[in-house]
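So the sequences go chain by chain: W and F.
Under UniProt numbering, the first residue of the first sequence is numbered 1, with each subsequent residue one higher.
Under UniProt numbering, the first residue of the second sequence is numbered 1, with each subsequent residue one higher.
Just so you know, the hints here were simulated from the structure itself, not pulled from any lab data.
Just to be clear, a hint being listed does not mean it is correct.
It does not matter which identical chain is used: a pair holds within one copy or between any two.
[Said to hold, decoys possible] Straight line, CA to CA, 30 Å or less: simulated DSS-like cross-link-like pairs of lysine-lysine:
{"#": "1", "residue 1": "K219", "residue 2": "K25"}
{"#": "2", "residue 1": "K424", "residue 2": "K50"}
{"#": "3", "residue 1": "K25", "residue 2": "K438"}
{"#": "4", "residue 1": "K25", "residue 2": "K336"}
{"#": "5", "residue 1": "K336", "residue 2": "K6"}
{"#": "6", "residue 1": "K438", "residue 2": "K50"}
{"#": "7", "residue 1": "K272", "residue 2": "K71"}
{"#": "8", "residue 1": "K219", "residue 2": "K97"}
{"#": "9", "residue 1": "K272", "residue 2": "K50"}
2 protein chains.
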Amino acid sequence: MAEALKVGVAGLGTVGMSVVQLLAKHAAQIARKSGRAVAVTAVSARDRGKDRGFDVSTLEWFSDPVEMAEKAQIDIFVELIGGDSGPAKDSVRAALKRGVHVVTANKALLARHGVDLAVLAEDNNACLNYEAAVAGGIPIVKTLRESMSGNDISRVYGILNGTCNYILTRMEAEGIGFEECLAEAQRLGYAEADPTFDVEGNDTAHKLAILTSLAFGTKIADDDIYMEGITSISTADIQAADELGFRIKLLGVAQRTETGIEQRVHPTMVPKTSAIARIDGVLNAVAVDGDFVGEIVLVGPGAGGNATASSVVADIADIARGDETPVLGMPAADLKEYRRARMRMHEGGYYIRLSVYDRPGAFAEIARSMGDAGISLESIVQKRHSADEAPAKYDAEVPQPVILITYETTEVAIKEALEAIMSKGVVAEQPQLIRIEKLN
Amino acid sequence: MAEALKVGVAGLGTVGMSVVQLLAKHAAQIARKSGRAVAVTAVSARDRGKDRGFDVSTLEWFSDPVEMAEKAQIDIFVELIGGDSGPAKDSVRAALKRGVHVVTANKALLARHGVDLAVLAEDNNACLNYEAAVAGGIPIVKTLRESMSGNDISRVYGILNGTCNYILTRMEAEGIGFEECLAEAQRLGYAEADPTFDVEGNDTAHKLAILTSLAFGTKIADDDIYMEGITSISTADIQAADELGFRIKLLGVAQRTETGIEQRVHPTMVPKTSAIARIDGVLNAVAVDGDFVGEIVLVGPGAGGNATASSVVADIADIARGDETPVLGMPAADLKEYRRARMRMHEGGYYIRLSVYDRPGAFAEIARSMGDAGISLESIVQKRHSADEAPAKYDAEVPQPVILITYETTEVAIKEALEAIMSKGVVAEQPQLIRIEKLN
Numbered sequence: 001m002a003e004a005l006k007v008g009v010a011g012l013g014t015v016g017m018s019v020v021q022l023l024a025k026h027a028a029q030i031a032r033k034s035g036r037a038v039a040v041t042a043v044s045a046r047d048r049g050k051d052r053g054f055d056v057s058t059l060e061w062f063s064d065p066v067e068m069a070e071k072a073q074i075d076i077f078v079e080l081i082g083g084d085s086g087p088a089k090d091s092v093r094a095a096l097k098r099g100v101h102v103v104t105a106n107k108a109l110l111a112r113h114g115v116d117l118a119v120l121a122e123d124n125n126a127c128l129n130y131e132a133a134v135a136g137g138i139p140i141v142k143t144l145r146e147s148m149s150g151n152d153i154s155r156v157y158g159i160l161n162g163t164c165n166y167i168l169t170r171m172e173a174e175g176i177g178f179e180e181c182l183a184e185a186q187r188l189g190y191a192e193a194d195p196t197f198d199v200e201g202n203d204t205a206h207k208l209a210i211l212t213s214l215a216f217g218t219k220i221a222d223d224d225i226y227m228e229g230i231t232s233i234s235t236a237d238i239q240a241a242d243e244l245g246f247r248i249k250l251l252g253v254a255q256r257t258e259t260g261i262e263q264r265v266h267p268t269m270v271p272k273t274s275a276i277a278r279i280d281g282v283l284n285a286v287a288v289d290g291d292f293v294g295e296i297v298l299v300g301p302g303a304g305g306n307a308t309a310s311s312v313v314a315d316i317a318d319i320a321r322g323d324e325t326p327v328l329g330m331p332a333a334d335l336k337e338y339r340r341a342r343m344r345m346h347e348g349g350y351y352i353r354l355s356v357y358d359r360p361g362a363f364a365e366i367a368r369s370m371g372d373a374g375i376s377l378e379s380i381v382q383k384r385h386s387a388d389e390a391p392a393k394y395d396a397e398v399p400q401p402v403i404l405i406t407y408e409t410t411e412v413a414i415k416e417a418l419e420a421i422m423s424k425g426v427v428a429e430q431p432q433l434i435r436i437e438k439l440n
Numbered sequence: 001m002a003e004a005l006k007v008g009v010a011g012l013g014t015v016g017m018s019v020v021q022l023l024a025k026h027a028a029q030i031a032r033k034s035g036r037a038v039a040v041t042a043v044s045a046r047d048r049g050k051d052r053g054f055d056v057s058t059l060e061w062f063s064d065p066v067e068m069a070e071k072a073q074i075d076i077f078v079e080l081i082g083g084d085s086g087p088a089k090d091s092v093r094a095a096l097k098r099g100v101h102v103v104t105a106n107k108a109l110l111a112r113h114g115v116d117l118a119v120l121a122e123d124n125n126a127c128l129n130y131e132a133a134v135a136g137g138i139p140i141v142k143t144l145r146e147s148m149s150g151n152d153i154s155r156v157y158g159i160l161n162g163t164c165n166y167i168l169t170r171m172e173a174e175g176i177g178f179e180e181c182l183a184e185a186q187r188l189g190y191a192e193a194d195p196t197f198d199v200e201g202n203d204t205a206h207k208l209a210i211l212t213s214l215a216f217g218t219k220i221a222d223d224d225i226y227m228e229g230i231t232s233i234s235t236a237d238i239q240a241a242d243e244l245g246f247r248i249k250l251l252g253v254a255q256r257t258e259t260g261i262e263q264r265v266h267p268t269m270v271p272k273t274s275a276i277a278r279i280d281g282v283l284n285a286v287a288v289d290g291d292f293v294g295e296i297v298l299v300g301p302g303a304g305g306n307a308t309a310s311s312v313v314a315d316i317a318d319i320a321r322g323d324e325t326p327v328l329g330m331p332a333a334d335l336k337e338y339r340r341a342r343m344r345m346h347e348g349g350y351y352i353r354l355s356v357y358d359r360p361g362a363f364a365e366i367a368r369s370m371g372d373a374g375i376s377l378e379s380i381v382q383k384r385h386s387a388d389e390a391p392a393k394y395d396a397e398v399p400q401p402v403i404l405i406t407y408e409t410t411e412v413a414i415k416e417a418l419e420a421i422m423s424k425g426v427v428a429e430q431p432q433l434i435r436i437e438k439l440n
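Put together the whole structure using the sequences plus the hints.
As structure tokens, this is what we get:
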């Protein structure tokens, strides 16, 4: 058997510690499967003295990850620092420049600098693997880079953020509001103290940008993503969705259209019968539609130290085995420019929740505005206040919720119709708009 | 770019035709992704004159696949003939002996001769890839061989036969019996004229034997599989399952236990809330439980020419890219002997449907027999005939269905209890027994 492959791990947080433990625990199996032993020989973290439950004294220690990337006697540099700049970026670049392979879980870095890093990796005959950067333990990067080679992909979509999915699942199960669920997610460690990045969709967008490039062979376009978070979702929406046969999920969707590729992150109505609708709690799921294979769906843990470590180690084992896959599935020079499909051209069905003043003619105004914009309605549900909170008598000034489900139309038509409705003074507040995703 | 990789396709049925078409249609993409063009240069089928919609005259033609494997100027031999002996086996062996890589969709061949073929492939530095042999378009072989390298796997299970899943799904949705569903599946082309191999579980067992080896690093033991088909499942069982919060699926399960590895194929009660319960129709799904990753589930089409071709071409693209993975995930010499866990030691919950004579003391006999065998009951449901078919008055000689759900116990205890119950003459027919699978 060849000499052991030497691994340097930069960042000894939850994931870094799991990687070190996994490589030790399953060393024999990994060697059998890869044809080569793999050993951690160098580490980098801030505090050398911290008790980590294993002996760092036998390892080469670097307080500066960039120095480790530049100088350590290693074959693979594992970047688990995080962030799309600073030491994460600098150390990854330094390693690749030396021809040292890189394995990373850093979605922000890949989304921001993936193409540049791919070029750098190619120029130096180094691998850059990042299975853990998208959907944690789910092997979606490998599936797209390798298993789908024979397919023209029309759409890739998924639940890519466990925090949001946990919140939406709890809101539905318990009938409680967003703020309360968020607080609980924070208490349980499923949400950060500052949850903005998760609940506003940025985290999903980073992962989607990587998936889009892999699925469509285009350059990564992480700043060209339509993004809406889940903060506006109310229990009223979740309840209405349930009654209409839907569930609400925060999806990242990349889809080929006639005018280009849509990249969008937004709360989405998915039919209860779809596979994606059944993904609850912190789980992630990714679906890929290929012209030959049809649709395949991968489900699993999207985060957590051990699940993420599983993907990091699979990336290491691939390198140990000698499997060298182009960073973005093909040589960087072959990646096409990303051509954005304008969101206003998006086609689909829509869920609209209006708060309507119950005046004579109000319904007619709404129906006319939709008709004028060329929109057909699949259903209209007027939701009276429930019995115990019903107004004592008819009061035109107490707005009533009205739910509209449209047939397939365009974003521009919907916006036009809603503007018309707003201008007529028949609705009490900004309408809620949730896109319906067409699924099998 | 290197010279084109030459592919010979043996067998031009549905899958073979799809492979030829796919390689032509997506030639440019496959070359970009693999770093090497891939071209079909030789084919073998029975009838050269048959119109296949493409020109075979430019290709090297062999009426004998073994001759093609022995003589054609090819880098990869694609075996799509089928069967675990005869020309399929002979041609695969002939190709490997020459050091020609082999890609096959042949589950029977792998299940029967996988270890021998792995040795032959290793001895001749050839790859043997077979993604399409298990669960069609789902990349489960790659996931187990590569993505799970860093995990100790405790269980792999799945819905591996689309015909059975179609029948069970229809029985539940329409409330119709097995025979009627089978006839419809045959009419729609989802079931063979002779469906024995599917509905008795053999097809699932072949696939399970391969998964077991990949998951546990053991030699393939395809004749050491406990097997029960779906022919005994009645609408009464499906309805009772529904009322108790379960669905019935034909699962293949391989599970590590204290006494060895269980391999079993049988109808299984799965909680409605589980991911596997939602897999309907001809879809397949495979779940893997790893100590680091947790559970991942892959869902997709398990059959069909195009989906199968997608996996065949992914295998070809891997070889084109230079990715050489050991046939069974590690060198054949490192595979451990399969140690069978006795089915009588199987532990789990059970669903039991009895047809009980409604005599005084009958219930007490049943309860005592279960208690004597050390079995605790989670629920007992006596299912009176529905109102419109109720007997006019109490009649001890008209048997009534009684459903028992047990807490976790052993197969041997259940068998002992059922024998005791049978011996007391309180039940009118052979009890129905369906195992409950513990799922997340």
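Against the structure, the hints:
1. K219 x K25: between (38 Å within a copy, 23 Å between copies)
2. K424 x K50: Answer is neither; intra-copy 65 Å and inter-copy 68 Å both fail.
3. K25 x K438: between (44 Å within a copy, 27 Å between copies)
4. K25 x K336: between (42 Å within a copy, 19 Å between copies)
5. K336 x K6: between (35 Å within a copy, 28 Å between copies)
6. K438 x K50: Answer is neither; intra-copy 51 Å and inter-copy 40 Å both fail.
7. K272 x K71: Intra 54 Å, inter 55 Å, cutoff 30 Å: neither.
8. K219 x K97: within (21 Å within a copy, 43 Å between copies)
9. K272 x K50: neither (48 Å within a copy, 46 Å between copies)
Against the hints set out earlier in the document, violations occur for numbers 2, 6, 7 and 9.
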